[in-house]
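Chemist: Chain by chain, the residues run as shown.
Protein chains: 2
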Amino acid sequence: MERIESPKNAKIKAWKKLHTKRGREKSGLFFIEGPHLIEEALKGNIPFVELIVREGEELPREWKAVEVKPIEVTAKVMKELCETETPQGFAAVCELPDNINIPLESGQFLFIDRIQDPGNLGTIIRTAHAVGITGIVFAEGTVDPYNSKVIRATQGSLFHIPIQKMDLHEAVSLCQENQVPVFGTSFEGSTYSAIEPQNDFVLVVGNEGQGVEETLLQETDQNLYIPLYGDAESLNVSVACGILLYHLKLI
Amino acid sequence: MERIESPKNAKIKAWKKLHTKRGREKSGLFFIEGPHLIEEALKGNIPFVELIVREGEELPREWKAVEVKPIEVTAKVMKELCETETPQGFAAVCELPDNINIPLESGQFLFIDRIQDPGNLGTIIRTAHAVGITGIVFAEGTVDPYNSKVIRATQGSLFHIPIQKMDLHEAVSLCQENQVPVFGTSFEGSTYSAIEPQNDFVLVVGNEGQGVEETLLQETDQNLYIPLYGDAESLNVSVACGILLYHLKLI
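For the record, the sequence lines run as chains A and B. Adding 73 to a residue's 1-based position in the first sequence gives its number in the numbering used here. Adding 73 to a residue's 1-based position in the second sequence gives its number in the numbering used here.
Pulled out of the complex, with its shape left as it was, chain A reads as follows (with noise of 0.2 Å):
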């Protein structure tokens, strides 16, 4: 097994890159630490690259899917190349997928405008994959879906379920050319709760800070309000997102 123990060495170096978006989108590739992250990439039938295993640690059997040969690192390299504080012994170099149109004819569907923190991105993904949405897609200005952060968030989810970049005054518009109803997040918009179960929809959620896009607000179908009560000045966004989606979906 070819074995890496300087933190120099050029592999390490390259990889270390994908930590960046710049990187990920020269390389095509994105980086992945830890086993459930591996083992969903591999059920999700993401191609891998390199399969990186820290000394000491044995593969699990059930990995044989991945084609390629594993590199042995030290656990000092290990550190070096992951961003968790503690590594957890396997990490993998994936490739990003291509490009996707995602029809907008029928289904569930989530639209995503800049949403900023990792974590809420990554959570939004879990939950739309949770929830059976039929694909997601993001606006210019949210953060990378593959930055790794988000990734962790997901815990694997992002492997699973359909994700496009695209202009969203054009989606919705798609959506509505196919009577697929648009529900956009806004203060000012109607209680949640009057509105049925749909079997078609799309969700459009947005920035932490300034929300929906306003121009995009007044393209929807409808707006939707969750009720603060004691005073409280909003819902973090994943948790709306969530009360939402479960509202709207069928159950």
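These are computed hints drawn from the structure, not numbers from a lab. On a predicted model such as this, the values are computed, not experimentally measured, just so you know. Ideal Cβ positions, reconstructed from N, Cα and C, are used throughout, including at glycine. One should not assume that every hint holds.
Partial list, computed: chain A residues near chain B (C-beta under 8 Å) [as the list claims (entries may be wrong)]: (1) Val204; (2) Gly303; (3) Asp304; (4) Ser311; (5) Tyr319.
Fit chain B to the known structure of chain A by using the hints.
Modeler: For chain B alone, coordinates are given in the frame of chain A:
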């Protein structure tokens, strides 16, 4: 105005200890950063012990209610003192509230069983405030609500909702004596949407990995489950908590 220029000043050293649970418990004080949390603490009538201002910042007029003399510190000292990477110019030291006894006779309560992640606990407290929960009871083993990361994630909601540490078995039994129905959360529970909204209720949420303690789940009136689709394994606990609280609440 008193001015501190050295990060080695005894007050700075003492305040930095408030970043640890032990430091807070020994002193009976806690530390908050940024103008928003200071305003929320003022609104919540939290007693202030120190108000710390970075040189060059002007104290907002509305803060006249703070009855302590502000202390000026240099930018370097402020950075040393604060946990956030870009301190916002103001910080404060406040008194930990006295232990309270939330009357568990009627109302809408949230019980928290060993949540570990500060962001999750803070987000849950924020949601509980927004949904108008009467009080929060948390078990031994839950991350300290006065941890700075928790406070930041609550966005100040911590100062507006009664919160008490207590044995949850005892709390469940008290509620049941008062005919307040207790709902646990469990993968083996009933689908939550089959439950009608309630005037009085307790919701119990649990540890990120292990959920609610098994013996506690046996003492509840009913346990609730949020359906998961698309082979998803679980929801983030703060999202699940939001979905259930807003469902149980009469809106």
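Chemist: State for each hint whether it applies.
Modeler: Here's how the hints hold up against the structure:
no.: 1; hint: Val204; verdict: holds (6 Å)
no.: 2; hint: Gly303; verdict: holds (5 Å)
no.: 3; hint: Asp304; verdict: holds (7 Å)
no.: 4; hint: Ser311; verdict: holds (6 Å)
no.: 5; hint: Tyr319; verdict: holds (5 Å)
In summary, the structure agrees with every hint in the numbered list given earlier.
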